[in-house]
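There are 2 protein chains.
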Amino acid sequence: MATINQNYQKLAGSYLFVEIARRVAAYKEAHPEADIIRLGIGDVTQPLPQVCIEAMHKAVDEMGKAETFRGYGPEQGYEFLIEAIRKHNYTDRGIDIASDEIFVSDGSKSDTGNIQEIFGTDNRIAITDPVYPVYLDTNVMAGRTGEKQDNGYYAGVTYLPSTAANHFSPSLPTEHVDIIYLCCPNNPTGTTLSREALTAWVNYAKKEDAVILFDAAYAAYITEPDVPRSIYEIPGAKDVAIEFRSFSKTAGFTGTRCGYTVIPKTVTGKGKDGSRVKFRDLWNRRHTTKFNGTAYIVQRGAEAIYTEKGQRQVKELVSYYMENARIIREGLQAAGIKAYGGVNAPYIWLQTPNNMPSWDFFDLLLTKVNIVGTPGVGFGPCGEGYFRLTSFGDRENTKRAVERIKNQLKF
Amino acid sequence: MATINQNYQKLAGSYLFVEIARRVAAYKEAHPEADIIRLGIGDVTQPLPQVCIEAMHKAVDEMGKAETFRGYGPEQGYEFLIEAIRKHNYTDRGIDIASDEIFVSDGSKSDTGNIQEIFGTDNRIAITDPVYPVYLDTNVMAGRTGEKQDNGYYAGVTYLPSTAANHFSPSLPTEHVDIIYLCCPNNPTGTTLSREALTAWVNYAKKEDAVILFDAAYAAYITEPDVPRSIYEIPGAKDVAIEFRSFSKTAGFTGTRCGYTVIPKTVTGKGKDGSRVKFRDLWNRRHTTKFNGTAYIVQRGAEAIYTEKGQRQVKELVSYYMENARIIREGLQAAGIKAYGGVNAPYIWLQTPNNMPSWDFFDLLLTKVNIVGTPGVGFGPCGEGYFRLTSFGDRENTKRAVERIKNQLKF
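Read top to bottom, the protein sequences are chains P and V.
At position 314 of the first sequence (counting the first as 1) the number is 603 in the working numbering, and the numbers step up by one without a gap.
At position 197 of the second sequence (counting the first as 1) the number is 486 in the working numbering, and the numbers step up by one without a gap.
Chain P with its partners taken away, still in its complex shape (with noise of 0.2 Å):
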């Protein structure tokens, strides 16, 4: 009698995300006319770079022609877009990390999920909270945790609480813990941690023997000069973390999909015998068994935007959006709204007016406004009391959302 992955069972009913689009859907059913605005998934809105799109239609002509035509690819990526990438986020900022060291992917959600896989279930996690939901959930999946409990947390899981009230940098786990998820700039809250803060965390991991799965995402919204766009700027990282980059947001990758993970391997784990196995090997073990490698296409795409004119239109995409972000910011603090993020991520994290629920704020923005947001509670118990909005919407849309907020709503 095949039986089912009991874990399954412990997960809330559906993905945020897949919850949010079913309240919009049955919210657009019945009110067809409503001119809604969308800041809710963290998806974007502008076109592709044209330079990937010009290296995009060269490579769709190599596979036209039996001479140029690629059939399998290296399951970790291509040497041309490995390199370019180790080159400009890595080498050319004074970090050293080797070729064999990076894995090209369909993205940072498979990666995200995926890397529970190499890691035995006896391991405890830390999440901050709130965080993006993929980190716990896949945990879930995976039976490293318990049953949730009636508060919203899972049993056997450390919570990092990452609030207004310690500037959304979370304090040390007073408690040992294994693996700890970071994701900065983070999402949802839009805020990074500091050199300061990722180094007592490094240091943490290292006195812990424990790893730092490190999100960094977002790394290409990052302003001010000082924050870290790598874990690897700080001293011994490589010694302890894991880390994931996307192209989604850098380069409006989201339906074209690519990624990488960078696995020092210098980072091990105890395996049975008490030896050290380096997690690399683990992760090129599973990514040459289950994926085949990213399309051809795509890795042409996104080597194009470590060209100088590359670099050039990536910088002038993610301008248009910090600039969407800084209307959304300054709009929401002159409707007497506390707004956090939006200077280092394209996301902005608002408090709710008078300590509504989250969800309850959903619904007032989507129905009084037509302005789809993401509850705060969706990433986690202290998302409570707050909101997300992005700042990939298009310039005049994100004008109108904050219009709308600001002359529409009264608290």
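Honestly, the hints are just simulated from the structure, not real lab data.
Wrong hints could be hidden among the right ones.
Note that identical chains are pooled: a pair holds if it fits in a single copy or bridges any two copies.
[As the list claims (entries may be wrong)] Simulated crosslink set (PhoX-like; lysine-lysine; CA at most 25 Å straight-line): (1) Lys347 x Lys598; (2) Lys657 x Lys299; (3) Lys657 x Lys688; (4) Lys527 x Lys567; (5) Lys559 x Lys299; (6) Lys559 x Lys496; (7) Lys627 x Lys598; (8) Lys559 x Lys437; (9) Lys604 x Lys354; (10) Lys567 x Lys495; (11) Lys561 x Lys527; (12) Lys559 x Lys657; (13) Lys561 x Lys437; (14) Lys299 x Lys437; (15) Lys527 x Lys559; (16) Lys688 x Lys699; (17) Lys354 x Lys688; (18) Lys567 x Lys299; (19) Lys567 x Lys699; (20) Lys554 x Lys699; (21) Lys299 x Lys554; (22) Lys688 x Lys627; (23) Lys657 x Lys495; (24) Lys376 x Lys527.
Given chain P's structure and the hints, the job is docking chain V onto it.
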């Protein structure tokens, strides 16, 4: 102290095709002048059908304009592709599959590797021997097997011998199993299961409350009229079978990446409390949590093969490779080598002369006639003494390879 997933330590040193690549690279390093012909890894060589090229150029252009840009698509795939698949491969053939029972992915390697996650670790799996290594390896990684034994078999797994002696149609297991992997047309033997044999499997699964994981990645290569293209042609299969399909071999998408999985809602497993849970719902949860959809550009390319012109071009592509298969099969037979497959599949499965071990034959072919094939034992212990050649080379190389084997090897 972070621990590793111990199950990975049960795996053989490296994934089969990685080991082949390693040996070929070492030989090439030592003999840079060698004119190597690759009939090893099942990778295609002919360009993508023109309809796919045209569709992808159009999609790339759409991604370059704000009005037509696409961000995140549905994780399950775009409706345009799902409906084309559904109509062409199911509805038009009298098989009733709902749209939300089809999940588009980045390929069958991912799908057949990830599917085991939605099952409990207490299920007993059965695999044909020999077969595509991903089924077994991913179950080893998940802890659904014991250790690898000296005889090459993993403890706790039911192997279904599939050799010339039983015409590559394995007997039903004598013990109870919960999950049965069937690859049909089979990789590596290039053989298919008859309608009667498949009916027996479906009946077995119904009786034992088991699930059949049916990998039909090579369905497009079936030429004989009575061989089922889909397991759902067998009465009752919709209650017990999950089917995997791919564009990799159908349309040359090995480097472009697209496939799909069909899970009827009637396929269920036992939950904790004894209730029946739809595997479709679990897969949907996995797909939406750990995957972010296949690139829009790629999905447009895949859709194009379902046009009338696309179907013509795909048939030409398949015929081209099947003519190669005929050349190899007949060439081997002329050289006095026993060969199977190559009629309903792009693989030729030969018996090594004088019972030579598979890896010895691999080295012999590589060093004496500079041809790369795949050692049968890499697909399972019953593959020992066999060897796989693929028909995915170009015509000229295929002919040259066959001539070399006929003229330069003496057994």
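Each hint tested on the structure:
no. : hint            : in the structure
1   : Lys347 x Lys598 : both (17 Å within a copy, 23 Å between copies)
2   : Lys657 x Lys299 : neither (34 Å within a copy, 58 Å between copies)
3   : Lys657 x Lys688 : within (17 Å within a copy, 71 Å between copies)
4   : Lys527 x Lys567 : within (12 Å within a copy, 43 Å between copies)
5   : Lys559 x Lys299 : between (28 Å within a copy, 15 Å between copies)
6   : Lys559 x Lys496 : within (15 Å within a copy, 43 Å between copies)
7   : Lys627 x Lys598 : neither (38 Å within a copy, 58 Å between copies)
8   : Lys559 x Lys437 : between (29 Å within a copy, 21 Å between copies)
9   : Lys604 x Lys354 : between (34 Å within a copy, 18 Å between copies)
10  : Lys567 x Lys495 : within (15 Å within a copy, 43 Å between copies)
11  : Lys561 x Lys527 : within (23 Å within a copy, 42 Å between copies)
12  : Lys559 x Lys657 : neither (54 Å within a copy, 44 Å between copies)
13  : Lys561 x Lys437 : between (30 Å within a copy, 16 Å between copies)
14  : Lys299 x Lys437 : within (6 Å within a copy, 32 Å between copies)
15  : Lys527 x Lys559 : within (17 Å within a copy, 44 Å between copies)
16  : Lys688 x Lys699 : within (18 Å within a copy, 79 Å between copies)
17  : Lys354 x Lys688 : between (47 Å within a copy, 21 Å between copies)
18  : Lys567 x Lys299 : between (31 Å within a copy, 15 Å between copies)
19  : Lys567 x Lys699 : neither (56 Å within a copy, 46 Å between copies)
20  : Lys554 x Lys699 : neither (55 Å within a copy, 47 Å between copies)
21  : Lys299 x Lys554 : between (34 Å within a copy, 21 Å between copies)
22  : Lys688 x Lys627 : within (18 Å within a copy, 73 Å between copies)
23  : Lys657 x Lys495 : neither (50 Å within a copy, 53 Å between copies)
24  : Lys376 x Lys527 : within (17 Å within a copy, 51 Å between copies)
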